[in-house]
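Listed below are the residues making up each chain.
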Amino acid sequence: MMRHRSRHFSKAFFAALAFAVVGVVFLPFYWAISLSLREKSEVFTVKGLGVPFVQYKPTLRHWTQELGTVEMQQALGNSLGIAAATAAVAVALGAPAAYAVARFKFRRPSNEDITLWFLSQRVLPPVATVAPLFLLIHWLGLLDTRTGLVLLNVTFNLPLVVVILRQAFLDLPVELEEAAMVDGAGHGTIFLRICLPLAAPGLAAAVLIVIAFTWNEFLFGLMIGSLHATVIPAHIAGTGSTRGPDFGFLAVRSLIAITPPVVLALLAQRYIVRGLTFGAVKG
Amino acid sequence: MRRQRHIQLLFLLPAVAWVLCFTLFPLIYSVRLSFYDARVGEPERFVGLANYATFFQDRRAWESLAITLVFVACGVTVQLVLGMALALLFNRSLPFRGVLRTLLTAPLFATPIAVGILFRTIFLAEGGLINGLLGLKVPWLSHPTLALVSVMLVDVWQWTPFCFLIFLAALQGIPEDYYEAARLETKSGWVLFRAITLPILKPTVVLVLLLRLTEAVKVLDIPYTLTGGGPHTATQVLSLYSYFVGLKDSNFGYASSISVIMLLLVTAMILVLFKRMRQVYQ
Numbered sequence: 001m002m003r004h005r006s007r008h009f010s011k012a013f014f015a016a017l018a019f020a021v022v023g024v025v026f027l028p029f030y031w032a033i034s035l036s037l038r039e040k041s042e043v044f045t046v047k048g049l050g051v052p053f054v055q056y057k058p059t060l061r062h063w064t065q066e067l068g069t070v071e072m073q074q075a076l077g078n079s080l081g082i083a084a085a086t087a088a089v090a091v092a093l094g095a096p097a098a099y100a101v102a103r104f105k106f107r108r109p110s111n112e113d114i115t116l117w118f119l120s121q122r123v124l125p126p127v128a129t130v131a132p133l134f135l136l137i138h139w140l141g142l143l144d145t146r147t148g149l150v151l152l153n154v155t156f157n158l159p160l161v162v163v164i165l166r167q168a169f170l171d172l173p174v175e176l177e178e179a180a181m182v183d184g185a186g187h188g189t190i191f192l193r194i195c196l197p198l199a200a201p202g203l204a205a206a207v208l209i210v211i212a213f214t215w216n217e218f219l220f221g222l223m224i225g226s227l228h229a230t231v232i233p234a235h236i237a238g239t240g241s242t243r244g245p246d247f248g249f250l251a252v253r254s255l256i257a258i259t260p261p262v263v264l265a266l267l268a269q270r271y272i273v274r275g276l277t278f279g280a281v282k283g
Numbered sequence: 001m002r003r004q005r006h007i008q009l010l011f012l013l014p015a016v017a018w019v020l021c022f023t024l025f026p027l028i029y030s031v032r033l034s035f036y037d038a039r040v041g042e043p044e045r046f047v048g049l050a051n052y053a054t055f056f057q058d059r060r061a062w063e064s065l066a067i068t069l070v071f072v073a074c075g076v077t078v079q080l081v082l083g084m085a086l087a088l089l090f091n092r093s094l095p096f097r098g099v100l101r102t103l104l105t106a107p108l109f110a111t112p113i114a115v116g117i118l119f120r121t122i123f124l125a126e127g128g129l130i131n132g133l134l135g136l137k138v139p140w141l142s143h144p145t146l147a148l149v150s151v152m153l154v155d156v157w158q159w160t161p162f163c164f165l166i167f168l169a170a171l172q173g174i175p176e177d178y179y180e181a182a183r184l185e186t187k188s189g190w191v192l193f194r195a196i197t198l199p200i201l202k203p204t205v206v207l208v209l210l211l212r213l214t215e216a217v218k219v220l221d222i223p224y225t226l227t228g229g230g231p232h233t234a235t236q237v238l239s240l241y242s243y244f245v246g247l248k249d250s251n252f253g254y255a256s257s258i259s260v261i262m263l264l265l266v267t268a269m270i271l272v273l274f275k276r277m278r279q280v281y282q
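For the record, the sequence lines run as chains G and A.
Here the first sequence stands for residues 1 to 283, where the numbers follow the numbering used here.
Here the second sequence stands for residues 1 to 282, where the numbers follow the numbering used here.
Next up, chain G with everything else stripped away, as it sits in the complex (with noise of 0.2 angstroms):
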């Protein structure tokens, strides 16, 4: 009896320590939703974890103030569209070379030495190489424009893809690929109709890992991007500075880059754990 009572409890505290553990990641998204409803005057005024309707009367007029200015129109429909082409990109690169280090049979370098190599340009601090990368793109003409972005989005995002989607193809029964061969069809083929479609859930969480690293790449942007080609953690990054201490804004902000990669880390969970571990976990 007592045991039993005792285990009982035990269940219910650690269930109350899960949802309290949840509860304290998840406090930072709440305040910073509670501070964008409020007023400036409400700001310092309302105390503690500042319900909205109960500590205060929440109102969206910073959310429509800052959303309705050009520069934040701007450099939303930019940081979309800067992610959604290095994925494409990045994908149609990586997508035939990762086959190539699953399928194929490389004698030097050896097929572990070209995934390692990948994997390396993946680590390397992107502030050892801001001011070539600069001047690079400076000599190509492409300062202050998507494209060039883009090309260095790609740079950083293409070997990422081919250690996540050489896994996929890894993990891709051979049989299938053997009887194809036997029919007499070619690599091109075979890649294209039988191993593209079946490693579909290894494309989708690439293109969703690349998606969120290049909506919040920050450096590049900031270096690259000055009138035209601003990106979101660039144009959000001198708040403060220029506003001074408006709190509501700073949430509105934040919460505007915030939500798009967090809702992609949502969908994307399952395959979050081989993607950051570069395909050693699976998750």
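One or more of the hints may lead you astray.
Quick look at which bits of chain A chain G covers, simulated, 3 or more residues with Cβ under 8 angstroms [claimed, not checked]:
hint: 1; stretch: 24-32
hint: 2; stretch: 81-91
hint: 3; stretch: 113-122
hint: 4; stretch: 126-133
hint: 5; stretch: 157-167
hint: 6; stretch: 247-258
hint: 7; stretch: 263-271
What the hints contain is simulated information worked out from the structure, not anything from laboratory work.
All C-beta atoms, glycine included, are put in the ideal place defined by N, C-alpha and C.
Go by the hints and put chain A onto chain G.
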């Protein structure tokens, strides 16, 4: 057969060529620039190892390096321990486990720049969330040590879910019967964890540690918006210092030598990571 070989290379070449174009050039150029005195609007001048000599005498550079190492060591340790604790918690049968697990992954992809801005309002001494909730008046962002702790806390918030997810995946791969026999011997959960769980998870822990180390050394976005490297230089990590030297002071030569030193630092870690990844990929 030759033709086959060519087609196979054709699969690989576009991606390799693209990455080579955009990474080999910057790398070589960075190394070259690190031997020059290069500033905007002035002719470049070869100075040999002078920039590196400057680095070794530059107190701010050493400070940045120390700050980076403290940030990485403390931050990553906390993430690993917390991530493991959470993974053990969520490996139990819980109500709504799937939903809760998904929700926990939310911080991972949150835009770091925006996260820094958001946490500025959370750490605010007056009117901020933390002090408001706890009834404190802690000067989170204006005290040098606390500012570094704040940057770490934000990094912990963002990256613990990563450690958690991987550890949970590994835990779920351990067959239950491993524990059954041991339970006859001991009832202590801690003993079971030490004797069975931890040894099995060791390769995973090493992998997560390496991935986090290589990532944390590069940290830039969060301190950029959360503290701007301040107060004074208390949170000026190496990336940030290199950024300030190169892009604010336009001293490209010196900035490049900092980059090269950073590259060497990361390369040392990468080589260890690669040894591990090679085993995984084979």
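Worksheet entry | Hints not upheld, ascending by number | none
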